[in-house]
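Student: Residue-level listing of the chains:
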Amino acid sequence: MSERVFERANRHHGASLELRGLAVHYGRRVALQPIDELVASGEWLGLIGPNGAGKSSLLRAVVGLVATGGQVLVDGTPISRITRRRRASLVAYVPQEPLLPDDMSGFDYVLLGRSPYVGHFATESRHDKEQVGAVLDRLELTEFARRRLGTLSGGERQRLVIARALAQEAPILLLDEPTSALDIGHQQQALELVARLRVEQGLTVVAAMHDLTLAGLYADRLTLLFEGHRVAAGPAADVLRADVLAEFYGARVSVHHEPDGTVVVIPRRG
Amino acid sequence: MAATSPTVASGAAVPVVPATTVRPWRGGWWYVGAAAVTLVVLIVGAMMGPAGPPPWRIPLELLDRLPLIGVDSGVTDREWNIVWQVRMPRVVLGALVGAMLSIAGASYQGVFRNPLVDPYLLGAAAGAGLGATLVFTVLRSATAGWPVDPAPAMAFVCALATVLVTYVVGASFGGSRTGATLVLAGVAVTSLVTAIQTFILQRNVDVVREVYSWILGRLSNSTWDDVKLVTPYVVVSSVVLLLHRRHLDLLRVGDDEAATLGAPVARVRLVVVAAATLGTAAAVSVSGLIGFVGIVVPHLVRLLAGASYRRLLPLTMFVGASFLVLADVPGRVLTDPAETPLGVVTAFLGAPFFIVVLRARATRIGQ
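Just so you know, the protein sequences line up as chains A and B, in that order. Read in order, the letters of the first sequence are residues 168 to 437 in the working numbering. Read in order, the letters of the second sequence are residues 3 to 369 in the working numbering.
Okay, chain A solo, but in the shape it has when bound:
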C-alpha cells in the first residue's frame, strides 16, 4: 500500500530557486548584502560561513520570515505573487531550532506538514494521513508515530522534523544546520536520507552547514558567506582552501584531498 502512495509522492517534479538581489536587514543592521543565486532543479547548494555570516537570514528570507529586499523566484515565478499556502507547498523549511511540543505525537507532528493542502476550515483528508503514514514508513519512523515528542532522542526528533518537511511534498527543501545537534552517526544518517530523497524525488536542496567536510561531501557546490557578503563560491575543492578558511573563519586548518575527490578539512593546533 505504501508503495502506491509513494508513487504519488514521487510525481512531484523539481523546481529551481532563484535569488535576485535578496537582502536582509534587521533595523539598520545589515544581515545579508544583496545576493544573486540560481539553484537549479535537483541541485544541492551548501551555505557555509562563520556564525552571524547571514546563512540563516538568507534561508529565513526565502520563506518570507524576515522582510527583505530583492526577489525570490521559484521556477521563474516571484514568490511574492504566490499565496502563503501555495508557497508552503513549494518550499519546505527546517529551522535550526525547531519547536517540538513535548506532548504531541510523532504522527500528529508530521501531519502538520500537510497543512498547505488542507482548506482553511477543513481537516486533513484520508489521503493526507496516508501520505504521513508513507513518509513515516519510508524514514523508518513508524515506531515513533504514537510516541510523545518529549520522549524522543535528539536524533529521532531531528528525523521527525525532516519527515514533516517531506510530508510537505515541496520540491525545494531548505535546511538550517540540520545536523548540528547530532552525533556523527546520526549526522550521516540524516544527510544520507536527504541525499537519497533528493535523487529519488528531484528535490532542490539549500542547506546551511557548520561541518565543512560534510558540507563539501553532500553539496554540489558551496557558497561561503562572511558578514553578509558572498566571499567565495564554487565546488568544494575551490572553496574549502586553507587560506580561505583562515581568512574568514579565523581557523587554522589543513585541507586534505582524498583520491575520490572528497575534501577533508582538518583542524590543526598551533
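None of these hints come from the bench; they were simulated from the model. From the three backbone atoms N, C-alpha and C, an ideal C-beta is built for every residue, glycine too. Wrong hints could be hidden among the right ones.
Unchecked claim - Away from chain A, derived, C-beta distances all over 12 Å, residues of chain B:
#1 37
#2 68
#3 244
To be verified - Just so you have them, the derived chain A footprint on chain B, three or more residues with Cβ under 8 Å:
#4 257-265
#5 309-319
With the hints as your guide, set chain B onto chain A.
Tutor: For chain B alone, coordinates are given in the frame of chain A:
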C-alpha cells in the same frame, strides 16, 4: 509489513499503552461519553436545591415532558415551576458559562502557547469589574432609566473595550513577537483598570459590598433572560473557536514554523482572541468573575485525552459545563444566608485539583 496504515493515530490495536506513548484516540466515543456525563450532570443539577419536589421525581417528570412518553411523576405544577423557573435557568446558565470559559481558556492557551493563561488574561474580568463599579457608583443615576439591566451591559462593553486597548497596545509594539507582548500588555492594562476601579470604590465605600457581590462569581437569581442574553455570544464564539482548532495545533510549533507551513498566523491569532474575548465578556457580564475554570478544565482534558486542540476544544466545553454545574451545587444546597460566591468555590476546588493535575502531567511528560 510494519503497521504503517494511517490509522496508527487512532489505532486500537495496542492493548496496553506505555506512559511514553500517546493514548489511542478512540474516535467519537470520547464525545459521546462527555455528552452523556454532561446530560447526567444537568439532570442532577435540576434535582438539587431547597423546596421543590422530591429529587427522584424530577427525572420522571423530564421523561414525561418528552414527546410520546407518558409517565406519572406526581410533580405538581407549583413544584415544577420551582424546578423550571428557579433551578433550570441557573443550571443551564452555569453550563453555558462553564463551557464558554473553558473553551476560551484553552484557546487563549493555544494562541499564546502558554499553559498558565486564563480567559481573563487580556483584561476581560478587570474591564467587567470596572463597568459594574461604574454602574453602582458614578453612573448610578445616569443608568437608572435603562431598558436593560445596566450592570451586565456596562460590564460587557467595558470588558470588550479593555481587551481592545490591550490588543492595540500589545500589537503596536509587538512586531513579530505579538504573542508575548500581548500577554505583557494584558498584565499592564489589567493593573491600570483595577487601579481605577479601586480608586472609584475607595470614594464610594458604601457600595463596596454590592459591587463585590456582583463581581465575584455568582449564578444565583439567574433567569431564562440571562440564558437568552448569553446564548448567542456563546454559540458564535464557540463555533468560531472550534473552526480554528486545527490552526491552534499548527501554532504549537511556533509562529515562524506555522507561517512556513502556510498558516496565516496573525489573522488566526486576531480571530481567535476576538472570539474568545467576546464569549468571555458575555460570560463575565452574567456571572461575574469565576476563576480557575478556564485553566483547570483544559488541563484536565489534556490529561485525559491528549493535548491536540482538535479534540481538546470540543471536549473542554462538555467538561467545563459539567464542572461549573457541579461546583454550583454546594452554593445551592447549603442555604447559608451569606452565600459563598461561586468564583470562590471554583478556586477553592480548582487550586488543589490543579496541583494534582500538574503533578500527573509532570510525571508523564518527565519520562
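Student: Run every hint past the structure and note whether it holds.
Tutor: For each hint, the structure was consulted:
no.: 1; hint: 37; result: 20 Å, holds
no.: 2; hint: 68; result: 34 Å, holds
no.: 3; hint: 244; result: 10 Å, violated
no.: 4; hint: 257-265; result: holds (count 7)
no.: 5; hint: 309-319; result: holds (count 3)
Violation of the numbered hints given earlier is confined to hint 3; every other hint is satisfied by the structure.
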